[in-house]
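2 protein chains.
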Amino acid sequence: MIKKLAITGGTHGNELTGVYLVKKWKKNPKLIERSSFETVTELMNKQAIKEVRRYVDQDLNRSFSLSDLSNDELENHEAKLAKELNEKLGKKGSDEVKVDFIVDLHTTTANMGLSIVVSNESATTWRSIAYLCEMEPELKVYKWKGDIENAFVDSMAPHGFAIEVGAVPQGVLRADLFLKTEALVYHLLDYVEKENSAKPLELPHELEVYEHEVLVDYPRDEVGDIVAMVHKERQDQDFTTIKQGDPLFLTLDNETIVYEGEPRYTLFVNEAAYYEKGFAMTLAQKIRVTIENRK
Amino acid sequence: MIKKLAITGGTHGNELTGVYLVKKWKKNPKLIERSSFETVTELMNKQAIKEVRRYVDQDLNRSFSLSDLSNDELENHEAKLAKELNEKLGKKGSDEVKVDFIVDLHTTTANMGLSIVVSNESATTWRSIAYLCEMEPELKVYKWKGDIENAFVDSMAPHGFAIEVGAVPQGVLRADLFLKTEALVYHLLDYVEKENSAKPLELPHELEVYEHEVLVDYPRDEVGDIVAMVHKERQDQDFTTIKQGDPLFLTLDNETIVYEGEPRYTLFVNEAAYYEKGFAMTLAQKIRVTIENRK
Numbered sequence: 014m015i016k017k018l019a020i021t022g023g024t025h026g027n028e029l030t031g032v033y034l035v036k037k038w039k040k041n042p043k044l045i046e047r048s049s050f051e052t053v054t055e056l057m058n059k060q061a062i063k064e065v066r067r068y069v070d071q072d073l074n075r076s077f078s079l080s081d082l083s084n085d086e087l088e089n090h091e092a093k094l095a096k097e098l099n100e101k102l103g104k105k106g107s108d109e110v111k112v113d114f115i116v117d118l119h120t121t122t123a124n125m126g127l128s129i130v131v132s133n134e135s136a137t138t139w140r141s142i143a144y145l146c147e148m149e150p151e152l153k154v155y156k157w158k159g160d161i162e163n164a165f166v167d168s169m170a171p172h173g174f175a176i177e178v179g180a181v182p183q184g185v186l187r188a189d190l191f192l193k194t195e196a197l198v199y200h201l202l203d204y205v206e207k208e209n210s211a212k213p214l215e216l217p218h219e220l221e222v223y224e225h226e227v228l229v230d231y232p233r234d235e236v237g238d239i240v241a242m243v244h245k246e247r248q249d250q251d252f253t254t255i256k257q258g259d260p261l262f263l264t265l266d267n268e269t270i271v272y273e274g275e276p277r278y279t280l281f282v283n284e285a286a287y288y289e290k291g292f293a294m295t296l297a298q299k300i301r302v303t304i305e306n307r308k
Numbered sequence: 014m015i016k017k018l019a020i021t022g023g024t025h026g027n028e029l030t031g032v033y034l035v036k037k038w039k040k041n042p043k044l045i046e047r048s049s050f051e052t053v054t055e056l057m058n059k060q061a062i063k064e065v066r067r068y069v070d071q072d073l074n075r076s077f078s079l080s081d082l083s084n085d086e087l088e089n090h091e092a093k094l095a096k097e098l099n100e101k102l103g104k105k106g107s108d109e110v111k112v113d114f115i116v117d118l119h120t121t122t123a124n125m126g127l128s129i130v131v132s133n134e135s136a137t138t139w140r141s142i143a144y145l146c147e148m149e150p151e152l153k154v155y156k157w158k159g160d161i162e163n164a165f166v167d168s169m170a171p172h173g174f175a176i177e178v179g180a181v182p183q184g185v186l187r188a189d190l191f192l193k194t195e196a197l198v199y200h201l202l203d204y205v206e207k208e209n210s211a212k213p214l215e216l217p218h219e220l221e222v223y224e225h226e227v228l229v230d231y232p233r234d235e236v237g238d239i240v241a242m243v244h245k246e247r248q249d250q251d252f253t254t255i256k257q258g259d260p261l262f263l264t265l266d267n268e269t270i271v272y273e274g275e276p277r278y279t280l281f282v283n284e285a286a287y288y289e290k291g292f293a294m295t296l297a298q299k300i301r302v303t304i305e306n307r308k
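Quick note, the sequences are listed as chains E and V, same order. Under our numbering, the letters of the first sequence match residues 14 to 308, in that order. Under our numbering, the letters of the second sequence match residues 14 to 308, in that order.
Just so you know, these hints were derived from the structure itself, not from any lab. Among the clues, some could well be false.
[As the list claims (entries may be wrong)] 30 Å max Cα-Cα, derived DSSO-like pairs, lysine-lysine:
1. V:Lys-290 to E:Lys-193
2. V:Lys-59 to V:Lys-158
3. E:Lys-245 to V:Lys-158
4. V:Lys-245 to E:Lys-63
5. E:Lys-245 to V:Lys-212
6. E:Lys-59 to V:Lys-63
7. E:Lys-245 to E:Lys-16
8. V:Lys-245 to E:Lys-43
Input sequences plus hints: build the corresponding full structure.
As structure tokens, this is what we get:
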């Protein structure tokens, strides 16, 4: 039973779709009211939103690891903010559950279309995603698997994921992607309402998913500055296959660097925020995830 | 006779095309060497480039008015930087001419394609643009006319303009637009080389240009926050006509606001940096500019 769901926007201050959807719903909360559970909204990083920047001191969407949340020495803007938000929407690291499900709204400069980034393994999370894929056939699912502890916003709750839509520049509101994100959230609320009812929800037994494998960085010089761009044949080619010999990068001196490796799917191709994180795209493999029956 | 031309990039720290073209040419200056004149390059706002932000304190590309350049009380980052750059590339406000021609490299999140923004009226400026339009038929020209004194980077020199390419998000390098910008600069260098020679350059007598008329702001609430987005039928429609009754904005509550006015062309539709400046797009009329013979 899901009693409380949180819709979070503005985790990154320059991703305006989530910011303005949350503003819309704060003004018209009836739009997200359902009978069997409570929905709350949260404008996450107000200072970054004001400055139209991803973050002030550090990426808020990497600030929710248990170790950081319990580290009293971390004092910067987002480290402190993460602790405050965890009191409100967590509490990760305690037995208390303030919110059962978090959907965190993001945009990307990559041509990811309407997609979900999920790192939660809970049956409810995956059932909700299976439902959304039925409702929105264009929706794609990226199963993220980091090297370190999950520190995303949605990790504060037992269930949840992030919605990523693109391509949209930072600091820009695109009506088409705003409407698609809004519709997807309404489908999610419908899912919870149905799942909370006595009648079991019929869902597919399996789901096609892109499973994260590895990050691919830009070619860089000795001081870490990039010396090549994503090749124009790879630009905008998210969720498409790349194989041995395909153009991958174009150096600033007009030399093509080709892909060397097994066939994979490319995702998050040329996302602005990932230049500093050290990757030009990620590689993924298509897998099938089993959707469990409701317990 | 043009003795010295400056190519300036990174006037806005999050417009990477100019930043990386200047870096490329600083590494390989032979690419921009020509026999009859000197070409210099300048990475304009290094602090903003480092922070991948448009500016630190104020827009550098609005900081070159004569009144600001001579105002000793202006002490912020870009105000001081503008004075330093004017010593190097100006000197606007004096009889000295350090550089004859400035081409300032920009990108935009609007779908402006390959375009020039010009506010200089000099015959040489317009002859160079006429040449570029012959070389690159897709090139479009936007004749800007502000209410206040011209404070753009290129106003430091007797001749010059800005190149604007898009759509590209802030903080992103797109190979296709990088190559187009690079090619356009090489055409400009060819123009100067030809114009400097004894043989008169044959140019068309007239040029089709989009002349700035007015800014159109987003609908806003009482505290100035936007309450509508560019309508999806207008998104990406730069250099196309808008007429009475065409969808213009979509409010956050899904109401369409239509255009009321005479037929015009829309430009800079949904540029990220202009949310804070207070416009969603500009309106322009097509005019024909006379290209003067060489004096």
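Checked hints:
no. : hint                   : in the structure
1   : V:Lys-290 to E:Lys-193 : holds, 28 Å
2   : V:Lys-59 to V:Lys-158  : holds, 28 Å
3   : E:Lys-245 to V:Lys-158 : violated, 35 Å
4   : V:Lys-245 to E:Lys-63  : holds, 25 Å
5   : E:Lys-245 to V:Lys-212 : violated, 39 Å
6   : E:Lys-59 to V:Lys-63   : holds, 23 Å
7   : E:Lys-245 to E:Lys-16  : violated, 47 Å
8   : V:Lys-245 to E:Lys-43  : holds, 26 Å
The structure shown violates the earlier hints numbered 3, 5, 7.
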